[in-house]
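For the record, the sequence lines run as chains P and L.
Take any residue in the first sequence, note its place counting from 1, add 28, and you have its number in my numbering.
Take any residue in the second sequence, note its place counting from 1, add 7, and you have its number in my numbering.
One or more hints might be untrue.
[Unchecked claim] Think about it this way: if two alpha-carbon atoms lie no more than 20 Å apart in a straight line, the pair counts; the simulated DMTMM-like pairs of lysine to aspartate or glutamate are:
| # | chain 1 | residue 1 | chain 2 | residue 2 |
| --- | --- | --- | --- | --- |
| 1 | P | LYS304 | L | ASP12 |
| 2 | P | LYS289 | L | GLU11 |
| 3 | P | LYS260 | P | ASP283 |
| 4 | P | LYS304 | L | GLU66 |
| 5 | P | LYS428 | P | GLU438 |
| 6 | P | LYS203 | P | GLU233 |
| 7 | P | LYS304 | L | GLU11 |
Simulated from the structure, these hints should not be mistaken for lab results.
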Amino acid sequence: MALRFEVVIVGAGPAGLAAAITLARAGVEVIIFERGEHPGSKNVMGGVLYRHPTETIVPRFYQEAPLERPVVEQRLWLLTDEAALTLGYKSMTFAGEPYNAFTVLRARFDRWLAEQAVAAGALLINETVVEDLLWEKDRVVGVRAGRAEGDVRAEVVILAEGANSLLTQKAGLKKDGINTNQLAVAVKEIIALPREKIEDRFNLEEGQGCTIELLGDATKGMMGTAFIYTNKDSLSVGVGVLLSSLVRRRLNPNDLLEHLKSHPMVRRLLTGGESKEYQGHLIPEGGYRAIPKLYGNGVLVAGDAAMLVNGIHREGSNLAMTSGLLAAKTILAAREKGDYSAANLAPYREMLAESFVLQDLQKYQRAPFFFDQNPHFFTLYPQLLSRAAREFLTVDNVPKGEKQKRIWREITAERSRIQLAGDLYHFWRVMG
Amino acid sequence: MRLEDKLFLNRYQTDKHPHLRIKDREVCRHCDGRPCTFICPARVYVWNEGEERIETAYEGCVECGTCRYGCAHDNIDWRYPRGGFGILYKYG
Ligand SMILES: Cc1cc2nc3c(=O)[nH]c(=O)nc-3n(C[C@H](O)[C@H](O)[C@H](O)COP(=O)(O)OP(=O)(O)OC[C@H]3O[C@@H](n4cnc5c(N)ncnc54)[C@H](O)[C@@H]3O)c2cc1C
Ligand code: SF4
Ligand code: SF4
């Protein structure tokens, strides 16, 4: 006889754990399979964790969860090979309750979040890969785990397996598979530095944190971003680019990371640091139009497996948690009726559509295609902006009016007025 | 810093059974550009010119999945390492 649970969850990341906590608290028998030695041991993010969505799962989590630093400042750097145009926002309101965001290390945070699920009554099985779904006709009725007597039957299965969504694809929920222009590959290094050094170099009060997002030369002009985030006594330094552009440019992700680390604006921030870990992970970047079928008979998909990532705003963990929560709520409603057919799970998509999750992704639905087709936003424009800034700031007795004309001439030499107007119009349509 | 030294920082629980397998070696011989040899964050795949084959140093794999999607001919039989094996992040 196969084991039987009401709900099986595949993957103990933010999506799976948010669902598990919600279900277990409502008294549902739930089992979570995680392939890592412990939750988080396979997981990577920048990582900025947002306070509000996390609190919808665990109120006041920041009083006990393993967090690195509250983020009080966010900076944006547009790099050329030897210069940077910078922008930022810092506010002391982010330094205390209710907080806005924290930097985290996933190997520690996920493990803690999983403990909350277990405390609520969920059963967590580590070191176990779910290899397949069990079907009866067109209904998912359980999973096959990679261990002896690994079949587990369930009323409903939540696929929260992350970006490399093997089971979601195999189940036919993402029929056309995933293309290289729907995935970013990211690498990241943990670089240890003493706390005081971090606080001095990044202009931070004790315990506070900041994030830097870098564009332009940081990705060698490829669609993507690089980042430097402050942890307690280390920095997370990484870069992520669209896989299709990496293939086209024949570049290696680690070479990109080394390129970033040696940039004159970055090098000094890292000096004397000691590398502790090197990581790689995929980020689903296909956006709204690449979202798979989100539910079927006896199955729901949440988080990265469902492509729920807002790359433009560097948001993923919050969409994962929110979708996990809504998947759980859908199951609780279906449980009342004792029927987990697709028709009864359809409210999942409706609830996602009413939330920021699908609304944000829908708002930016043209962005992935647009930036893939218009690479000059990552190559030419950072260059032009940087040159314009240099021209404007160089004091050389040239009247300012003449400087403005020069800048305009330089810009229009690269892009005609009509192209510029078109770029501006389309950029606005895509982002606005 | 060299990539080999970076991978050396990581903790792995190496499985004796490789989790990555080339489906058809003939396909690699004619593959245009062999993207697997540069897109992989851990440079697991190396083209052996003499033997005309892809060598797979699966022990350094960080299990991102990039090669599965980036292989020009869907020629990699990609599985997760068995439960508990493979990369073991301390920080993540
Ligand atoms: C470099 C990088 C930087 C990022 N930065 C940010 C950021 O700053 N802020 C932010 O909000 N988001 C960020 N993201 C995105 C964020 O990490 C994801 O959106 C989020 O982790 C998705 O959660 P998830 O639960 O859906 O998937 P995951 O976190 O990937 O969890 C999936 C889990 O399932 C397990 N699993 C997979 N397959 C199986 C199987 N067959 N059997 C058993 N277990 C399985 C995995 O081991 C894993 O634990 C970043 C991502 C990357 C890669
Ligand atoms: S990309 Fe695929 S087909 Fe080409 S060499 Fe690599 S494994 Fe072989
Ligand atoms: S999964 Fe990632 S690290 Fe492993 S071989 Fe493929 S590309 Fe390289």
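Outcome of the hint check:
1. P/LYS304 x L/ASP12: Holds. P/LYS304 to L/ASP12 sits at ~11 Å (cutoff 20 Å).
2. P/LYS289 x L/GLU11: holds (17 Å)
3. P/LYS260 x P/ASP283: Given that 20 Å is the threshold and the Cα spacing comes to 27 Å, the pair is violated.
4. P/LYS304 x L/GLU66: Measuring from Cα to Cα gives roughly 18 Å; hence the hint holds.
5. P/LYS428 x P/GLU438: Holds - the C-alpha atoms of P/GLU438 and P/LYS428 are around 15 Å apart, at most 20 Å.
6. P/LYS203 x P/GLU233: violated (50 Å)
7. P/LYS304 x L/GLU11: Holds, at about 13 Å.
Hint violations for this structure: numbers 3 and 6, all remaining hints satisfied.
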